[in-house]
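Asker: Make a model of the complete structure from these sequences and hints.
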Amino acid sequence: MSTTVESLEREWSRFTPAQRVGRYFTYLIIAAAVVWALRTVEIIPEFLADAPEQMLDLFQRMWPVDWSHYYQTDGMGVHHALVETMHIATLGTILAVIMAVPVGLMAARNVTPFGPANFLAKLILAASRSVNSLVWALLFVAVFGPGPLAGTFAIAFRSIGFVGKLLGEALEEAKSGTIEALQATGAPWLSVLKIGYWPQVRPAFWSIAVFRWDINVRESAVLGLVGAGGIGMVIDTSLNTFRWDRVAMALIAILIVVLAAEILVTFVRKRIL
Amino acid sequence: MANVSSASGPRDLRAAGLSMSWTARIGWLLLVAYVLYATSILDFSFDRFVVGLENAADLIGRMFPPLFSRADLRDLMYRGLMESLQIAVLSSAFGIILSLPVGVLAARNLMPGWVTWPARGLIMLCRSFHPIIVAILFVKGVGFGALAGILALIVASIGFIAKLFAEAIEEISLKQVEAVRASGANFMNVLIFAVLPQVNARFIGFATYQLDSNLRNSTMVGIVGGGGIGGTLLSAFGRFDYDYVCAILIAIIAMIMVGELISQRLRALFL
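The listed protein sequences correspond, in order, to chains A and B. Numbering-wise (this note's numbering), the first sequence opens with residue 104 and increments by one. Numbering-wise (this note's numbering), the second sequence opens with residue 13 and increments by one.
Just so you know, not all the hints are guaranteed correct.
If you want the ones that stay clear, here's a sample from chain B, every Cβ over 12 Å from chain A, calculated [unchecked claim]:
#1 V47
#2 L122
#3 T128
#4 A197
What the simulated footprint calls covered on chain A by chain B, stretch by stretch (three residues with Cβ under 8 Å from a Cβ of chain B suffice, anywhere in the stretch; the number is not a length) [said to hold, decoys possible]:
#5 118-132
#6 268-280
#7 352-358
Note that these hints are calculated values from the structure, not bench results. Here the structure is a predicted model, which means the values were calculated and not measured. No residue lacks a Cβ here, since even glycine has one placed at the ideal position from N, Cα and C.
Answerer: Below, the structure written as structure tokens:
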């Protein structure tokens with residue numbers, strides 16, 4: 104039984120030499136990147152030394168919070184902007200879903216068995232995701248002028264990638280049994296979609312939509328900083344006039360709305376899935 | 013005949029399959045009503061949309077060809093991108109290191125309640141605000157520049173990685189923890205030999221995802237003065253230099269895509 108003894112005496116290791124070299128190489132690259140960044144980044148030491156004092160000053164300026172700024176009769180208060188933010192997030196999500204459904208259908212290889220169409224759809228989805236919502240907002244402010252219309256389109260265009268990608272993946276996971284049966288009866292493609300795919304992806308669809316809505320509530324809160332409507336406009340105005348007590352009011356309002364949205368979405372997703 | 017009766021013929025079944033239930037119909041109606049209400053509140057109109065389309069055509073016309081040729085602008089863009097990269101690298105490094113202890117402290121199966129609640133509160137606070145808003149506060153605190161962006165993205169990283177890390181720890185199998193504890197190991201040994209090996213792979217997944225996310229956001233914190241290419245982008249928008257805007261956008265997208273490719277490779281190497 105010499106072969107067994109030999110194989111027992113072999114040195115066992117978890118990784119192949121190539122893997123090990125790859126890992127060490129990666130550690131080296133990470134360490135080099137951090138060192139490079141630390142050595143070259145421009146940090147002004149005076150600012151850093153001043154930071155605790157400035158942060159204290161910030162909180163002192165924020166307190167007491169200007170609660171009266173929540174509701175202003177001229178419509179410039181936090182309440183009005185908060186409602187606008189919610190509308191931007193919701194309308195943006197609806198618009199995004201409407202636009203993402205055809206792209207998602209085109210991206211799913213089992214629904215659209217045509218390579219170039221899949222590639223085109225994936226390209227649209229990647230383009231939508233790689234442009235930040237603030238950049239979309241800047242572009243749409245240039246197109247529609249400042250206001251919630253630009254914000255809604257920014258949210259919608261940013262969300263297409265997310266919704267379409269996840270929808271396409273859900274469609275690709277659909278079981279082919281019902282679909283083949285439907286196709287065998289000669290059902291038109293709309294019926295195949297409606298009776299074959301839709302019941303299978305419906306939970307995922309609603310789950311994706313409300314999940315994106317939750318993200319969009321957070322995102323739409325900052326769009327106003329570049330003029331695209333919502334509560335970000337209030338923050339921007341308050342910042343420009345150094346009214347930190349009003350900024351604090353807006354931040355508290357955002358915090359409450361974001362938490363409420365998250366609780367709501369968790370509840371809805373539990374019911375759906 | 014829309015409802016399926018007890019003696020449903022093929023016709024009824026088809027009707028039940030194709031027509032919507034009443035609750036679904038009401039739901040869709042409410043959705044349409046909401047859209048009409050909200051669009052009227054926000055003063056959206058078809059005319060504005062048409063004017064917007066004209067502006068969009070003009071905008072796209074002015075964006076192309078993208079302006080890469082001027083050396084001074086190219087240099088400005090390069091410096092902005094490098095600063096964004098520095099912000100992303102440093103915020104990811106410190107964010108990952110800091111979220112390890114925060115995540116462990118927030119795991120309810122390892123820690124008593126009086127430890128997890130403050131940790132979970134911290135995570136919740138970090139998650140609630142968009143990185144750009146956090147960046148505004150840090151710009152006030154530490155002044156304009158990369159440091160504010162780095163700190164803002166560290167906060168965002170803790171909010172994301174620590175939350176998911178704590179959830180991953182809560183899902184581990186306790187058998188290994190018991191076995192290691194039975195051998196007389198102290199808390200740190202339990203952590204290193206029983207807990208971390210079980211969540212290692214997922215932690216790397218979260219960390220590389222956050223690296224991508226930080227790279228994206230590092231190009232944006234400049235809009236509020238947090239350093240990086242965002243400031244250059246905003247001022248190009250302000251000066252209506254749309255061809256330069258287009259060049260910056262192409263460069264940002266290219267950087268993000270290369271970053272994603274690298275982090276995908278990293279993940280493949282470690283999982």
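Asker: Return the numbers of the hints above that this structure violates; sort them in rising order.
Answerer: Checked against the structure, the hints that fail are numbers 1 and 6, while the rest are satisfied.
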